[in-house]
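Engineer: Line by line, the protein sequences are chains A and B. The working numbering puts the first residue of the first sequence at 1, with every later residue one more than the last. The working numbering puts the first residue of the second sequence at 1, with every later residue one more than the last.
Keep in mind that the hints were calculated from the coordinates and are not lab data. C-beta atoms are modelled at their ideal positions from N, C-alpha and C, and glycine is treated no differently. Only true hints are included.
With a straight-line Cα cutoff of 20 Å, these simulated SDA-like cross-link-like pairs (lysine to any residue) come out:
(1) B:634 with B:668
(2) B:136 with B:395
(3) A:299 with B:535
(4) A:486 with B:301
(5) B:299 with A:488
(6) A:634 with A:477
(7) A:303 with B:297
(8) A:396 with B:193
(9) A:396 with B:203
(10) A:303 with B:535
(11) B:299 with A:429
(12) A:299 with B:477
(13) B:634 with B:676
(14) B:486 with A:301
(15) A:531 with A:143
(16) B:299 with A:433
(17) A:303 with B:584
Simulated DEER-style distance windows between Cβ atoms:
(18) B:521 with A:488: 42 to 48 Å
(19) B:126 with A:185: 51 to 57 Å
(20) A:185 with B:394: 29 to 35 Å
(21) B:682 with A:138: 38 to 44 Å
(22) B:138 with A:653: 36 to 42 Å
(23) B:19 with A:230: 42 to 48 Å
(24) A:636 with B:478: 40 to 46 Å
(25) A:636 with B:678: 55 to 61 Å
(26) A:219 with B:126: 54 to 60 Å
(27) A:20 with B:656: 52 to 58 Å
(28) B:728 with A:488: 38 to 44 Å
(29) A:519 with B:478: 55 to 61 Å
(30) B:102 with A:488: 56 to 62 Å
There are 2 protein chains.
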Amino acid sequence: MIRNRDIICLDWEVGYFPEGQAGPDRYVHASVPGAAQHDIAIADGYPDFRLDGNYRLFDWMEDVVFLYRTEFDIPGMAGDEELWFVSKGIDYRFGIYVNGVHVLSHEGMFSPVEIRLTPYLQKSNLIEVRVDRVPKRHAFPQDRTQASDVVKPAVGYGWDWHPRLVPSGIWDDTGLQIRKRSFIKDCHVEYKLDDTMSMADIRVKTDVEEASGCKVEWRLFDASGNMVAEVEGPVGEDIAVALPNPKLWWTHDHGTPYLYRAETRLVGRSSEIVDTVESRIGFRRIRLVMNDGAWREPKEFPKSRSAAPAQIELNGRRIFAKGSNWVCPEIFPGELTEERYEELLHLVVAANMNILRCWGGGIVNKDAFFSLCDSLGILVWQEFPLACNCYPDDMKYLRILEQEAVSIIPRLREHPCLGIWCGGNELFNNWSGMTDQSLPLRLLDSLCYRLSPEIPFIFTSPLNGMAHGNYLFRWNGMEVFEWMNKSHCTAYCEFGVPGISPKEVLEKIIPEDCLFPPREGTAWEDHHAFKAWDGNPDTWLAEKTLEFYFRKAETLDELIENSSLMQGEGYKAIFEEARRKKPYCSMALNWCFDEPWPSAANNSVVAYPLIPKRAYYDVAAACRPLCASARFSKFQWAGEEIFSCDLWLLNDSFDSSGRYRISVYVCCGDGDMVHVLSWETPELQPNINIEGPTARISLPDWDTDRFNVIVSVDGHPEMDSTYTLAYRKADKVSLLPYRGMNITE
Amino acid sequence: MIRNRDIICLDWEVGYFPEGQAGPDRYVHASVPGAAQHDIAIADGYPDFRLDGNYRLFDWMEDVVFLYRTEFDIPGMAGDEELWFVSKGIDYRFGIYVNGVHVLSHEGMFSPVEIRLTPYLQKSNLIEVRVDRVPKRHAFPQDRTQASDVVKPAVGYGWDWHPRLVPSGIWDDTGLQIRKRSFIKDCHVEYKLDDTMSMADIRVKTDVEEASGCKVEWRLFDASGNMVAEVEGPVGEDIAVALPNPKLWWTHDHGTPYLYRAETRLVGRSSEIVDTVESRIGFRRIRLVMNDGAWREPKEFPKSRSAAPAQIELNGRRIFAKGSNWVCPEIFPGELTEERYEELLHLVVAANMNILRCWGGGIVNKDAFFSLCDSLGILVWQEFPLACNCYPDDMKYLRILEQEAVSIIPRLREHPCLGIWCGGNELFNNWSGMTDQSLPLRLLDSLCYRLSPEIPFIFTSPLNGMAHGNYLFRWNGMEVFEWMNKSHCTAYCEFGVPGISPKEVLEKIIPEDCLFPPREGTAWEDHHAFKAWDGNPDTWLAEKTLEFYFRKAETLDELIENSSLMQGEGYKAIFEEARRKKPYCSMALNWCFDEPWPSAANNSVVAYPLIPKRAYYDVAAACRPLCASARFSKFQWAGEEIFSCDLWLLNDSFDSSGRYRISVYVCCGDGDMVHVLSWETPELQPNINIEGPTARISLPDWDTDRFNVIVSVDGHPEMDSTYTLAYRKADKVSLLPYRGMNITE
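Excised from the complex, chain A in its bound form (with noise of 0.2 Å):
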């Protein structure tokens, strides 16, 4: 672990050679952290690699060898200090090498460099640092399994959401740090919490260097910075102290994100205090537990085992995780700035989320993004950087995964936000290949075993029980009403409907003669709306799909109305019936929250790099922790036909109660509103959803090709849900008259 405060930032440049030559011809300006392409790329002039298809221009750069460079004086230092160079993180193969001297090779970037600079310095300094080539298993395919033997992000070789732009260089705080002599390497605060959560059994484990003579003291203060505890021990033993009735972490949807401060100081001889290290503790304990009901399945012989648990239990309280995959929200995860995070993850909150996973097709995050998760209250689902892809049984790469492992585990997991440590994503579906014997997810779940016990470990991403998918509105003839409602899974891990991007964005990426209407072959292409997923030429734009429901856009702002809504109701559609599905599903997380750069349509409910959908309000309402719910069977009706839905006031909050009027209406754009039924409902129950009447009308006869319905709630306009859904002239000959019909199914 590397302490953030004291890293003294150097300037850099960096060059480029090709493999065989000694070095660069030149230098230029290096952003670090940042990607040594992307400083090539600007210090050379290149277009915005983010608009039309100009990421192509970085193709060559996979395959040259980058020399970063920085020259130094030795600073100002006491006599019991020293210099060293440290970086939280250099992608991928790489050497370092100061006054010439080459001092490392390492392969990984999320394991820290930490060198003592001592023994090679002089009056005036070099550090040189070379990163390899791209590494890639095979030249052919060009694609993810090109990643499949490093521990490195997939999703840079190309992904249907994400350009094939692989980042090189150092992507994460690096430069200089004093240290004195005696100072504290590592210091782990483990606790337990006892059955009812009120006693901490805090236990701190130090690492200290050269430190005889000296004493550790530790101290624990509230948010409001009283002290609450105060320990000290000898150097090299375990200090352990109970903190009685320690307030709890908890998400924001449940309750605060209480966190502690924790100060450890290496107090010399004559009791002056020799190091301090800093650190911010949540109390919270985290389970997996199997979801209601799931202990009745199988019923029949032969029979299976039960599906593997899903509900999330924080501090014995069974919570819906409610929430969103996270992917990298820059290319270049390098550029990622605590802004940059910041700014996203308050659209978490005010989408009522209250759990991310992150993917492991990306990297694992800096350390910015889980101090924000830990003070924001929302949980993280972490994943190992493994996607989609046969990682393999051999000895290098178990050895390069294990020293990334034990890197990026114990800098995670004293946060209070990491909720679940996972393998990877959908490693146990045919287009990975990975199963229970493989050895990699054998040793990652062997490593959270011994470092992080306390946090639950899945081995990947779905389990059985859990799934993932649909990503289309409509997928061979199935809508996602259908496929939805008939679905019986213990938690939805990943599901997307696919929507346009903002007008904005559209109008930055597209060059102006390619707007309208979208083709293949051009920008819209390059951007995901055209053969991103699945063979598919409709994805992401689902043209197809828009035009099976609504009349053909004959312009921009008409397709960007409709697809906006599809994308919506589609979202609202499976968010709110995971959450009917309560208490046997537990969890509904949507494919995608952001996107790495602007696409031109995607699963994404944030638009690069920061612009609400309209999906995205639409997911915040359906998140909202009580709210009425209609649910329906299918997405078009016709005019005389009998509409029908099912409703529901959802209910994940632990500290409701009251009794509710409900009503139901249908309109036409901001014509008259029909009543169809209103409901009293019972006495609300905490965090128990109630299942009401089924309104039934036959729909009058208007000349729309969509209706909206609403369910509103008597005094409690934030509880109102509004539905849009579309409509279709009477089909005389093929309605059924009304008796007789089967109007629930």
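Starting from the known structure of chain A, fit chain B onto it as the hints suggest.
Structural biologist: Coordinates of chain B only, in the frame set by chain A:
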């Protein structure tokens, strides 16, 4: 690891006393290895616990302390030799005293005891072993849950085929050992076969006590005694050697279980041999791979994971695992001898079985079991001693489990028979209540990964795709033919059909006046004929089911005839249907092979101690590598009904070929065989079944309650199969006309 060859046996006595008393009032002769209870029972003239309800006389012994003692003089030893006390297993919590000095307190029956006696020795010596009361997590309920926080077989606490009788005491080889001061403490031979299995890279790791100036020599001999490899190295370092073209170890049905002999010698300064360890090596590669077709599932969205791999791949060959569940063949494991194992294991081979699942409710067997499976070519699926309980996440249990696993894994890992490690039995089902998150299972995965990564590990059985049950011929109105034919599993790891025991067993265990008819509350019930499973009063005797198909038995012989028929036909139906489902299905293991004491009725195919039931021969026939088979949709047929069966040629052999002519006949008793159909098979391909036509015939009007179906292979009587099905007179009312019948249903 304790080497067997040089244990000096001692004469032991044992006594008992209530907790709190200083010691026993008297001592009686003790068999070591054995069980303290049994010694007391013999000394006190108890009647045979295997007969009637006599086992109940042992109840009180659960709650006394046993004290073993032995006296001995120091044997003659050379100057560089020392005396040790060793034991391979003492059950369960115990203390050891040498000449009155307390030298060890220990919990755990699978970790060996090794005590250097030198500091304690006198001319004449006394060793005492104090064995605590039987561990119980709670006083009530008095069942297997009392064993849910110990690493001790749960089966002794009572099971549906095992009386409540919890063993205690010294249960494995125990005595004195003379060791040189320098000796080989441990020697571990690892190897890795390359992909073509034409090269074995061998690595020998030795752990040596006080061996300065020594070197290690390692030599390998083939089965004819020729030395095929020789290498030496300094003490403390791994020795590596490559063996080209190793002869592979195969299960008996796929080749020769070829064994090499290895000699590890500790050689002193003057080339004198200080110590020698002999071991056997079988070169083989074992994997659990995905079942054929399993990657294609699940098909629909939302999509869960694919089934867990359950296909055994031995030396690159996907083999069908045919076998059985092995339960400890004695109630007191201490009484198990090599001879007892051997006679049973020969029956396993003769039944065409290539695998035994050593179920987690029982012990981990003694060394002889594994050595015999090595030489006989039987794979072993070895479970840790966890079964049908929720073993806790608490630190004390985890510490003992780790200690025991760290003894078990190195003891067994070099046996070529070892095919699968498994955490335990049915732990992911509601009657156990453990999950993927349970720390005991994550610990076992982690230890097996570290100590034995070349052997597959599964958390429990069943995993998803695999299945257990049913255990009855007819259950909830559904027959074995129905549930088995419609099931879709990768592995049937447990399934049972109960059958009555042979007459010679019944006459021994049941008082003559209770022999017929069987009644609840008699020795029949003590021996599991009634109320044994699932609250069903009819298990395991299943008289109601017999009476559903046949007339009520009027004699014991008739009852035995009918019950044996039903068990045999039921087992044939399951084994053969599992084989017909190959390659998606890859495993069929019936519950169970043997039994620990004479039952009145049980799912076992071999009655205690070594009496094959009729079902044993039926199972052996159903497991023939190459045989004709008929698939039935139901058991009972009526006169004039259209009888139908699907013909198959089942083939698990890799060197099979040829075409066959197969004919089907029906007949009643010794009456004429009525020819139904003949089928010329296409050319047989290795390891591929052939599906043939459906044979149909309107059944004659016989006067019988059973008839035979004979599937005969021209010129190959060894491939014939005969089935006996139930029959009833034509029911004129219910019979449908021939035309229009859905006869394939």
